[in-house]
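Novice: Here our numbering is used: the first residue of the sequence shown is 681, the next is one more, and so on.
Among these hints, one or two may not hold up.
[Claimed, not checked] Here are the simulated lysine to aspartate or glutamate pairs, EDC-like style, with alpha carbons at most 16 Å apart:
(1) K730 with E771
(2) K730 with E740
(3) K730 with D769
(4) K755 with D864
(5) K730 with E747
(6) K755 with E868
[Unchecked claim] Using C-beta positions, here's what the derived DEER-type ranges look like:
(7) A821 with L765: 16 to 24 Å
(8) A752 with R841: 28 to 36 Å
(9) D825 with E687: 16 to 24 Å
(10) A821 with E686: 21 to 29 Å
(11) T685 with Q741: 37 to 45 Å
(12) T763 with P807: 15 to 23 Å
(13) N736 with E686: 44 to 52 Å
(14) L765 with G898: 35 to 43 Å
(15) I805 with I776: 18 to 26 Å
Honestly, the hints are just simulated from the structure, not real lab data. Cβ atoms here follow ideal geometry from the backbone N, Cα and C, with glycine treated the same way.
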Amino acid sequence: MSQPTEETRPRVMAIFAHPDDAEFLCSGAIARFVASGYRAQYVLATSGDKGSDDPNATPEQLIATREAEQLAAAKILGVEEVTFLHHRDGEVEVSIPFRRELAHVIRRGRPDVVITFDPWQRYQIHPDHRAVGQTALDAVAAARDHMYYPEQLTEGLREHRVHNVYLFATDQPNYYIDITATIDKKVEALLAHTSQIRSEGLAERIRARARAAGLEIGVEYAEAFHYLPMMQPPALMRHPNW
681 MSQPTEETRP RVMAIFAHPD DAEFLCSGAI ARFVASGYRA QYVLATSGDK
731 GSDDPNATPE QLIATREAEQ LAAAKILGVE EVTFLHHRDG EVEVSIPFRR
781 ELAHVIRRGR PDVVITFDPW QRYQIHPDHR AVGQTALDAV AAARDHMYYP
831 EQLTEGLREH RVHNVYLFAT DQPNYYIDIT ATIDKKVEAL LAHTSQIRSE
881 GLAERIRARA RAAGLEIGVE YAEAFHYLPM MQPPALMRHP NW
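Starting from the given sequences, assemble the full structure and let the hints guide the process.
Specialist: Okay, here's the thing in structure tokens:
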């Protein structure tokens with residue numbers, strides 16, 4: 681069986697709101713995708729310019745610090761591309777311009793798998809999380825139809841259909857990914873966000889959460905998702921069972 685080329689190599693894209701969201705919520709799974717041959721891309725709506733308790737911190741300083749931390753974390757996990765959209769932290773909204781922007785990112789990156797927030801998580805109070813999850817799903821739907829944002833298709837892009845969507849931060853999990861082999865990478869990547877680590881014992885808390893999810897499927901560590909199949913994909917890109 682021939683090896684996939686860079687053109688046919690499967691791709692996974694995580695769309696999230698702030699630096700460290702992915703490391704907390706889905707980086708064990710991202711590392712598994714990478715280990716199984718996927719090309720991974722991160723897309724961040726914001727650069728976390730309000731993510732500090734320091735009264736002397738400025739948004740400009742936070743952007744530089746948190747983008748550098750995110751790039752370091754992505755490198756640990758094997759993520760090959762990180763895109764910052766530079767929306768303002770805490771002010772992301774569900775809108776047609778944001779949907780158009782994410783549809784363009786999806787058409788450019790051509791992911792087989794998209795991972796994002798579950799926008800229907802009950803009692804989620806962070807507006808950015810809700811808005812990113814909802815708009816990412818709206819963009820998945822728009823990116824596959826040439827009638828949406830046809831001006832994008834004159835730039836050498838074409839419509840693109842995502843095969844599978846995984847929603848993290850869900851209270852209705854229906855699929856668990858075994859991250860026993862990648863838990864150490866998850867912890868290492870999370871600890872790269874040094875500006876956000878405010879207490880001792882974070883690594884053990886992350887392991888405890890993953891251990892609890894692992895109990896659901898009889899493995900040591902896991903991450904929980906709500907899985908949405910978008911289509912019946914070809915064999916190489918099917919819902920991974922590892």
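Novice: Look at each hint and say if it fits the structure.
Specialist: Checked hints:
1. A threshold of 16 Å between alpha carbons decides the hint, and for K730 with E771 the separation of about 10 Å falls inside it, so the pair holds.
2. As the CA atoms of K730 and E740 are separated by approximately 10 Å, the hinted pair is consistent with the 16 Å bound.
3. Only pairs whose Cα atoms come within 16 Å are accepted, and K730 paired with D769 is accepted, the gap being roughly 6 Å.
4. For the hint pairing K755 with D864, the CA-to-CA distance comes to about 14 Å; that is within 16 Å, so the pair holds.
5. Taking the CA atoms of K730 and E747, the gap is near 13 Å; set against the 16 Å cutoff, the hint holds.
6. Distance restraint check for K755 and E868: the Cα-Cα separation of roughly 11 Å lies within the 16 Å cut-off, and the hinted pair is therefore satisfied.
7. For A821 and L765, the hinted distance range of 16 to 24 Å is satisfied, since their beta carbons lie about 19 Å from each other.
8. For A752 paired with R841, a C-beta distance near 33 Å keeps the hint of 28 to 36 Å intact.
9. Against the hinted window of 16 to 24 Å, the Cβ-Cβ separation of D825 and E687 comes to about 23 Å, which satisfies the hint.
10. The hinted range of 21 to 29 Å is satisfied by A821 and E686, whose Cβ atoms lie roughly 27 Å apart.
11. Between T685 and Q741 the CB atoms are about 42 Å apart, so this pair conforms to the stated range of 37 to 45 Å.
12. Here the CB-CB span from T763 to P807 is close to 21 Å, well matched to the stated 15 to 23 Å.
13. N736 and E686 have their C-beta atoms about 45 Å apart, which keeps the hinted 44 to 52 Å range intact.
14. A hinted range of 35 to 43 Å for the beta carbons of L765 and G898 is consistent with their spacing of about 39 Å.
15. Taking the beta carbon of each, I805 and I776 are about 24 Å apart, inside 18 to 26 Å as hinted.
No hint from the list above goes unmet by this structure.
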